[in-house]
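Here is how the chains run, residue by residue.
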Amino acid sequence: DQQVKQNSPSLSVQEGRISILNCDYTNSMFDYFLWYKKYPAEGPTFLISISSIKDKNEDGRFTVFLNKSAKHLSLHIVPSQPGDSAVYFCAASASHSGYALNFGKGTSLLVTP
Amino acid sequence: DGGITQSPKYLFRKEGQNVTLSCEQNLNHDAMYWYRQDPGQGLRLIYYSQIVNDFQKGDIAEGYSVSREKKESFPLTVTSAQKNPTAFYLCASSIKGGYGPTDTQYFGPGTRLTVL
Chain B
1 DQQVKQNSPS LSVQEGRISI LNCDYTNSMF DYFLWYKKYP AEGPTFLISI
51 SSIKDKNEDG RFTVFLNKSA KHLSLHIVPS QPGDSAVYFC AASASHSGYA
101 LNFGKGTSLL VTP
Chain E
114 DGGITQSPKY LFRKEGQNVT LSCEQNLNHD AMYWYRQDPG QGLRLIYYSQ
164 IVNDFQKGDI AEGYSVSREK KESFPLTVTS AQKNPTAFYL CASSIKGGYG
214 PTDTQYFGPG TRLTVL
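As given, the protein sequences belong to chains B and E, one line each in that order.
Using this note's numbering, the first residue of the first sequence is number 1, and each one after it goes up by one.
Using this note's numbering, the first residue of the second sequence is number 114, and each one after it goes up by one.
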């Protein structure tokens, strides 16, 4: 049963505009959330994370928002650049499971010039 | 150069053969993990180890085995009991697995296993 869901398999955005990637989760025990970026045939690269005690975390062009009541988080990339084109995975973990990560299926982002 | 290495990048095996995937890290991380990715799917946890000589099953451990004899190494054996072994396998490590939410996992480049 998928506990982390990324319902948009793909997203296309123009260069310079904002990219918004969404993620929903079902397990209320999750207390730590991460975003990873992945290029084909490579391992995922950690991008940004947020703890459940916060509702926003910002790192340069990347901001993650967490809405615990809605069990929803989103990743904002602004401005989007062609190099941001990749698959983005949302992941969640809980202290009771040793912080093993539960991944969504990913959203493929294409940033066009 | 610190990091996680997985070898080989591509691996082919005949059906019914066991195969071992290598994962080595020189980051001095205590915890290591194995994931599997299938097309259009997220990463699914196979096994993880929080400390040397100890490991736990993940969500899809059936048909796999691991060992953790050294801190730096966490090899994964795909046995003939694994029904659908063809996949992209990813190894990860973190400083101290299970000891805090800020324990980010860092991934190796992956091994694509094809069973013919």
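It should be emphasised that the hints constitute simulated quantities derived from the structure, not laboratory data.
None of the values given here were measured: they were computed from a predicted structure.
Among the hints, a few may not be true.
Example chain E residues on the side facing chain B (calculated, C-beta under 7 Å, incomplete) [to be verified]:
1) P152
2) Y161
3) I164
4) V165
5) F168
6) A194
7) G221
8) P222
Backbone N, C-alpha and C define an ideal beta-carbon position, used for all residues, glycine too.
Checked hints:
Hint status for P152/E: violated, given a least beta-carbon distance of 10 Å to chain B, over 7 Å. Against a cut-off of 7 Å between C-beta atoms, the interface hint on Y161/E holds, since the closest Cβ of chain B lies about 6 Å away. Annotation: interface hint on I164/E violated; nearest CB of chain B at approximately 11 Å, more than 7 Å. The criterion of a C-beta within 7 Å of any C-beta in chain B is not met by V165/E, whose closest approach is roughly 16 Å, and the hint is violated.
Taking 7 Å as the C-beta cut-off, the interface hint given for F168/E is violated, the closest approach to chain B being about 11 Å. Checking A194/E against chain B by beta carbon gives a least distance of about 23 Å; that is not within 7 Å, so the hint is violated. Against a cut-off of 7 Å between C-beta atoms, the interface hint on G221/E holds, since the closest Cβ of chain B lies about 5 Å away. With a least beta-carbon distance of about 5 Å to chain B, the hint placing P222/E at the interface is held under the 7 Å criterion.
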